[in-house]
Amino acid sequence: MKVVVDLNRCQAYAQCVYAAPDHFALEGAEVLVYDPAPGDAARAEIERAVQACPVRAITAFPDAAPGAA
Amino acid sequence: MSVAAGSPPRRIVVVGASLCGLSAAQALREEGFSGEIVLVGDEPERPYDRPPLSKQVLRGRCGPDTTLPCRPDLDLRFRLGTAAAGLDPRARRVVLADGGTIAYDRVLIATGTRARPWPGDPGSGPLHTLRTRRDAERLGARLADRPRRVVVVGGGFIGCEAAASIRAMGLDVTQVVRETVPLVQALGDAVGAMVAEVARGAGVDLLTDRGIDGIEAAGGETAVVRLDEGRRIETGCVLVALGAVRNVEWLAGAGLAVSDAGVRVDAECRALTPDGRVVPDVFAAGDVAQWPSAVYGGARLAVEHWGNAVAQGRVAARNMAAAGGPLARHDHLPDFWSHLYGLTVKLVGVPDGADRFAVVQGTLRERRFVGIYGAGERTVAAVSVDSARWLPAYRAAIAEGAPFPPFTGALDQPGFAPHPLATA
Amino acid sequence: MSPTLFAQVLDPAHRADPYPLYEALRRSPVSRQDDGTWVVSSHAAIARLLHDPRISSEDLPDPPLFRWTGHPIQDLLVRPIRSRIVARHRPFIFRDPPDHDLLRRHVMREFSPGRVRRMRRETEAITGALLDRLEGRAAFDLVEDVSYPLPVTVICDLLGVPREDEPRFQGWATQLATALEPNQRTDAANAARNEAAFTAISDYLRGLIRERRASPRDDMLSGLAAGRDGERMNDYDLVATAVLLLVAGHETTVNLITNGILTLLRFPEHAERLRREPEIAPRLIEELLRYEPPVHYRTRLALADIGLGDATIPEGAPVVLLLAAGNRDPARFRDPDRFDPDREDNRHLGFGGGLHYCVGAPLARIEAEVALTAIVRRLPRLRLLDDPPPYRPGASLRGPRRLRLAVEAPVGAAR
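Residue numbers (our numbering), protein chains in the order written: chain F, 627 to 695; chain W, 3 to 426; chain P, 15 to 429.
Misleading hints may appear alongside valid ones.
Computed far set for chain P versus chain W, every beta-carbon distance over 10 Å [unchecked claim]: (1) D31; (2) D66; (3) Y250; (4) R297; (5) A345.
Simulated restraints on C-beta separations [as the list claims (entries may be wrong)]: (6) W:D67 <-> F:P647: 18 to 24 Å; (7) W:L82 <-> P:R348: 33 to 39 Å; (8) F:D689 <-> P:S126: 30 to 36 Å; (9) W:L366 <-> P:R119: 15 to 21 Å; (10) P:G185 <-> W:G403: 50 to 56 Å; (11) P:R348 <-> W:D67: 33 to 39 Å; (12) W:T410 <-> P:V92: 39 to 45 Å; (13) F:E653 <-> P:R246: 21 to 27 Å; (14) W:P405 <-> P:S126: 53 to 59 Å; (15) P:A345 <-> W:S36: 40 to 46 Å.
Keep in mind that the hints were calculated from the coordinates and are not lab data.
Don't be surprised by glycine CBs; every beta carbon is placed ideally from N, CA and C.
Could you put together the complete structure from these sequences and hints?
See the structure below:
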């Protein structure tokens, strides 16, 4: 999968960290670090993170099909 | 009010396959554009995200694959690894570096910027820049060898973020900054001084008010950095972080108003001629575009911000997809963030021209505060350090042209005590 | 007309469907009520005030310093001192920065992602056991049998409060939740009941904290009592925080689960979809938090004159942020009265926002997801016996008091 977080919007509510702790983490009070390319097995957790974000800052989609134009 | 003219476009070409270009492409589909979308990019990769490159990627917290997520049904055509070499608005075509051409009905210029290199840097050896994924991979590989000392040249955001990341890897870092404190141009002296204190506290050898007389290759991966005061620093890795240059050279001869400050556009993201007329069907957005800001009384802004790349790309897309009807205006209030030594710094607004600064919530000492920038009677920008949840109130006030300070009587307020602001 | 609208919201007669009142309130989204309270009901204005530093959460009235009961030592010494302590060490939802931030930080350290993640499996086990008990029943009350015991058991386990003590603090929790209702705060008799409940629950928790300090376990109370990195909250704040977590665990998620099943049974196509596609649970729950949030409003205090559009909330005015009205604002949500789990960009206010965003949100999401998916799976043919059901008295913590359901197909085996 591919993930990006709009960190202008992010206010460190940390809901993604609870939803998918292996793929999102807070360092310090507000520094959100995340895995931009988690494996497909993380799909359910990433979806929980996307939905739980109070400011809807997370975008995630499956990988583009290889060889797609 | 501006109105789009002509028949609906069939092929839209986006020059620049990065965040801005991809945002525009997604917005085109959301607007219902069903024609062909071609993204031209000089790098071989699909659009990827750059901010992590100087942070978690550099530190090895995640891999270098920061490819941006993309709806699977966008149906985009990519021409990657091929730079654009020219634009012919009369013939409506983009000329590629490999000699090919692509005809368009509408074109978006989103070629962004590139890292400003050290004069004479061949792009190999001990000198590095940090802008592209390839830069990050080369620098990461070098850092994995754990060079004895890394010298970071420059006190802007990339320099400061990279110094923080490299220091966090346990490497010795010297950061050479020409100004009195880092980030002084972006954030002013008070916040810059706090960042300097944090950097030194983290063990960075931060040299301010220093110029560099030269960087000498000393064989292989080693170099000697000569400071203007005579000191010589032997190093296994130099990161040159002296800002960015806009990628506008390929537009020479196209008849557009282009300068070092970018491609001039109107509020609707349409490219202009030097005498201010709209160039039909040519739009520009992102780092490369210079637009008149309604929030700042029509002042021309050109920013290198993630949020503007997304927002302006989307406005441009809306207007490119339009076949008649009113056009959207880009009335974005600039904003950006940075992660430095475990702190989150966020800025809304444009502090250029500000002459006063005041901490209005929290304190600099605790490194948890909101500060505001005043120009004349107006609040023009606000900065937060680990206080992001308050920033929306200041954003709204700035967008409405609030006075300085925008309000008083707030909680956790140490008392309003503005200081003169220095940005150099 | 607007002066009486919020009074009508508080009137239990409108508990089952306050949404038409909210719509009427939104016509002037920042409006003064007869008693001087300002009610804010549009999404934009609420969202703005949630981030506005001129809005204080320290809006609880001081407890009465003196009340004659005929015991001079109690009336002149013990009570006044205790009142002062209580006033100074409120739970952090009634505190402003910097105190609020510090207290909340202590809680967040113990409410760690790892600990919350472990609660998912435990929540599944508790839910399974509760549903097992329904086997063979032709009808049941969802509140009594599932929605109430589930979050209570979870919060007990998380905090380290023995489940078997639950009957003792159930009444205290319900009483203390009235602190969120503005009309209850000004009532002297209710204030006295609150004080008594707070004293009782504090004494209970103080005893427990003492035990956990002597022999720590792997629970939040032990962690909070011990502190971390040499930092620890003082005992007054610790007790107030423990009270808050326990009460919030009792009085909020119960509504989310009950409202959830009520909504799914009113729109059975969504229950059916959740049964077939449990992976939609996260977005369905966010939509539920928008459509029928467990907390309808929070109160605040204006620290300065605040201009919002044409209105100016004056300094010192009590402010009601009507979150549930913002959630139905057509300026923010297309077709807002439709329950639509496929809604994009669902920036609801179900957990509030800004500094005081609900601490327990991750836990509430887990509990709702686990409970709703398990119920629709194991009880695929439920029927509402009362619609609308009878409601609990609270207008802020709004939810059915009972939700009687008929089981039209047997309860399947666990899992």
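Now for the hints, and whether the structure bears them out:
1. The claim that P:D31 is not at the interface with chain W holds, since no C-beta of that chain comes within 10 Å of its own (minimum 32 Å).
2. Not every CB of chain W is more than 10 Å from the CB of P:D66 (nearest about 5 Å), against its label as outside the interface.
3. Separation of P:Y250 from chain W is adequate, the least Cβ-Cβ distance of about 21 Å exceeding the 10 Å criterion.
4. Under the 10 Å C-beta cut-off, the non-interface status given to P:R297 relative to chain W holds; the minimum distance is some 17 Å.
5. Every beta carbon of chain W lies more than 10 Å from that of P:A345, the smallest distance being close to 16 Å; the non-interface claim holds.
6. Evaluation of the 18 to 24 Å hint for W:D67 and F:P647 yields a pass: the beta carbon distance comes to about 21 Å.
7. Between W:L82 and P:R348 the Cβ separation comes to about 37 Å, which falls inside the hinted range of 33 to 39 Å.
8. As the Cβ distance of F:D689 to P:S126 is approximately 31 Å, the hint placing it in 30 to 36 Å holds.
9. At about 19 Å, the beta-carbon gap between W:L366 and P:R119 stays in the expected band of 15 to 21 Å.
10. Roughly 54 Å separates the CB atoms of P:G185 and W:G403, a value that falls within the hinted 50 to 56 Å.
11. In this structure the hint that P:R348 and W:D67 lie 33 to 39 Å apart at CB holds, the actual value being about 36 Å.
12. Between W:T410 and P:V92, the C-beta spacing of about 40 Å keeps the proposed range 39 to 45 Å intact.
13. The hint said 21 to 27 Å for the Cβ distance between F:E653 and P:R246, and at roughly 23 Å that hint holds.
14. At about 43 Å, the CB distance of W:P405 to P:S126 disagrees with the hint of 53 to 59 Å.
15. Remark: the range hint 40 to 46 Å for P:A345 to W:S36 is contradicted by a beta-carbon distance near 30 Å.
Consistency note: the structure conflicts with the earlier hints numbered 2, 14, 15.
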